[in-house]
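From just these sequences and the hints, can you work out the full model?
What follows is each chain in one-letter form.
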Amino acid sequence: MHIPDGFVSGPINGAAAVVSAAAVGFSVWRVKREVRDRKFAVPLLATTAAFVFAAQMLNFPIGGGTSGHFLGAATAAALLGPWSACIVLALVLVIQGLLFADGGISALGSNILNMGIIGGMVGYLTMRGVRALLPTGRGGYLASAAVASWASVVLASSVCALELAMSGTSPLGIALPAMAGTHAIIGIGEALIAAAVLAAVATARPDIIPEWANLHQAGTQPKRAPRSVWVMAAAGLALAVALAVFGSPFASEAPDGLEKVAEQKGFMQAASEDKVVWTKALFPDYKVTAIGSEKVSTSLGGVIGTMAAFGLGFVAIKLIMRPPAKGGGEKVT
Amino acid sequence: MEHGFLDKYSGLDSPVHRLDARVKAIVALFFILLVVTTPPQHLLAFVVYSGLLVWTAALARVPLAFVAGRAVLVLPFSALVALGLPFLGGGETVAVLGMSLSVKGLWVLAGAAMKSLLGVATLALLVSTTPFSSLLAGLRGLGAPTLFIDLLSLTYRYLFVLVGEAMRLRRAAVARGYHPKWLPQAIIVGRLAGNLFVRSYERAERAYGAMLLRGYCGRMPTARPLQFRMTDAVVLVTLLPALIALRILVS
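Just so you know, the protein sequences line up as chains A and B, in that order.
Residues in the first sequence are numbered from 373 upward in steps of one, following this note's numbering.
Residues in the second sequence are numbered from 17 upward in steps of one, following this note's numbering.
Please note that a few of the clues may not be correct.
[Stated by the list, open to error] Here are some, though not all, of the chain A residues that point toward chain B, as calculated from beta-carbon distances under 8 Å:
#, residue
1, I467
2, I477
3, P507
4, P578
Think of the hints as simulated: they come from the structure by calculation, not from any bench.
All residues carry an ideal CB built from backbone N, CA and C; glycine is no exception.
What follows is the structure, given as C-alpha cells:
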C-alpha cells in the first residue's frame, strides 16, 4: 500500500501533504499535552515505531502461496491512542521512504494520509464506535479492535485506490476492487493479529492500555463515556468532510463520475470502448504535469477547504473536550 | 539485521560524501520533484536524469548495481497500473502480444515506472552518500521540527534492535515447528507481535530511565555540527539553476 513516486499527481500529493502535516502537527501538540510524562513519550513513540516496523516484517500466509503483512496502524491506535498512532505511523513511513525504498518521498503526504490518518485515527474511531455497540469486557474489547483493524486496512487501501484514480494512474473501476479486495483478505490477518496483540499485552502488562485498566477498575459496571464517543464521531465527520473537500476539485470535473462508478457493474467484464468514455470524462485533460492555472486554483480551493474543515474539527474538539483534570501530574517543560 | 546494512556506502569518502547534508537533501528533493513533474512523453529528459544519477554514483563510488537493485524493488507496484492499462484513456490503441492497449495507458504506465525507479534511485544515492545521523542533522538544519527529528533518530536506533528481536521470536517459533499455511494461523504472528510490543515498551521504560540519568531534558544533543563550505555553496548555486534549465530545455 506504500505509493512510490510518480503514481499520484502533484496536486493530490500536495493536498495530502498539507492534511498530513496538519494532522501530525496536531497530534504532536495533543501528545505533548496529554501524556502523563511527556518526556517519556519520546522513547516510547520511537520504540513503538520500531515495533510497528519490525512487526511488519512478520509475514502471514493469505492462501495461494502468497503472504501479507501486518500494517499496525489500528493496533498502535488501540495501544497508545489515535494521536500517538498518527505520529508513530508517520515515523515509520518517513524511515521506510528514506531508507527502504518503500513509498516515495513525493508521495509521503498521501502515504501518511492513508496509513496514519485513515488507518490509525479512523481505525481508532471505528474501534470506539464498535465498542459502544458490543458488550463490555474482554471479548467485546478484543472484537472491537479486530473489527476496527479490518476496517482500517480496507479503508486505507480504498483511499489509496481513490488517489490513484484521481491522478489518472489507474481507473477506479480497476484500482478499487483490486486494492479493497486483496486488503479485505489481508485485513482478516490484521484483525486476528490485532486481537492477539491486545490480548497478549493485556495479560502481560494490563497497565499499558489505559482503556483496559479502566475496564478492570470498573469491574462489572459498564464504563462507556458516551460523551467522548460523540466527540470522536464528530471528529470522524470532520475528517470525512475534509476528505470530500479534498477530492472535490477533481471529482467536479465530471459531476456524476462517482455515480457512474456505482452503476459500472458491467465495466469490468465489458471493457469495451463505450465504457471507457466515463474514464475519459473523469480525467478529460490529464497530464502528469497538469500545473495549468485552472488546476492549481481548483486544488488550492480544495486545500483551503480542507484546512477549513480541519480547523472546524479542531475547534469542535477544543470546545467539547476540555482538558481532563489531572491531579498531581508531572509538569515538564 | 546488521546495522549499516541500509547505508553501507555512506562511510566512503568522495566529493559527494563530503558535501553538506543540507545541500544533498535539497538537491535530492528538488531532483525528485523535477522528475515527477516531467511528462512521460519527454523520454529524452528521463535519459538525461538517469545519466545524471549514474554520473553521481560514479563520482561517489557507490556501485551502480546496488542503486539499481534498490530501484527495482518498487516495480511490483506498477502491476496495479498495468492492470488498468486496457481501460485507461481510450483513443489510439496499439497491439501488444495480441491485446490492443491504449497508447495513453501505456504512457501512464511508462511514466509511473520511470518516475518511481528514478525516485528510489535518487534516495538510495542520498542515503548511500550521507550517514543517516548527518541526514537527520541536515533536515533539522533545514527547519524540520526538532522533536520529530529526535523521534526519527531514536526510531532508527531501535529499528535494528527490534527487528533483531522479531527475527529471534520468529526463529524460536520456527524451531518449535511453526510453519503457517492458513490465514487463521496469523493469530500466532499476533502473539509474537504482542510479545514484541511488551518488550519494546519495557525497552522504552529502561531507555527512558537511562536517558534521565544522563540528564535528558526533552531535547537530544547533537554531536557533529554541520559545515557549510565553499564547495557546498558552489554546488547549490550551480546545480539548482542547471536542473531547472535542463527541465525547460528538454520539454
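These are the hints, each one checked on the structure:
Taking 8 Å as the C-beta cut-off, the interface hint given for A/I467 holds, the closest approach to chain B being about 6 Å. Look at A/I477: its Cβ gets to within about 6 Å of chain B, closer than 8 Å, so that hint holds up. A distance limit of 8 Å between C-beta atoms decides the matter here; for A/P507 the minimum to chain B is near 22 Å, and the interface restraint is violated. At about 11 Å, the closest approach between the beta carbon of A/P578 and any beta carbon in chain B exceeds 8 Å, and the interface hint on this residue is violated.
In summary, the numbered hints that this structure violates are 3, 4.
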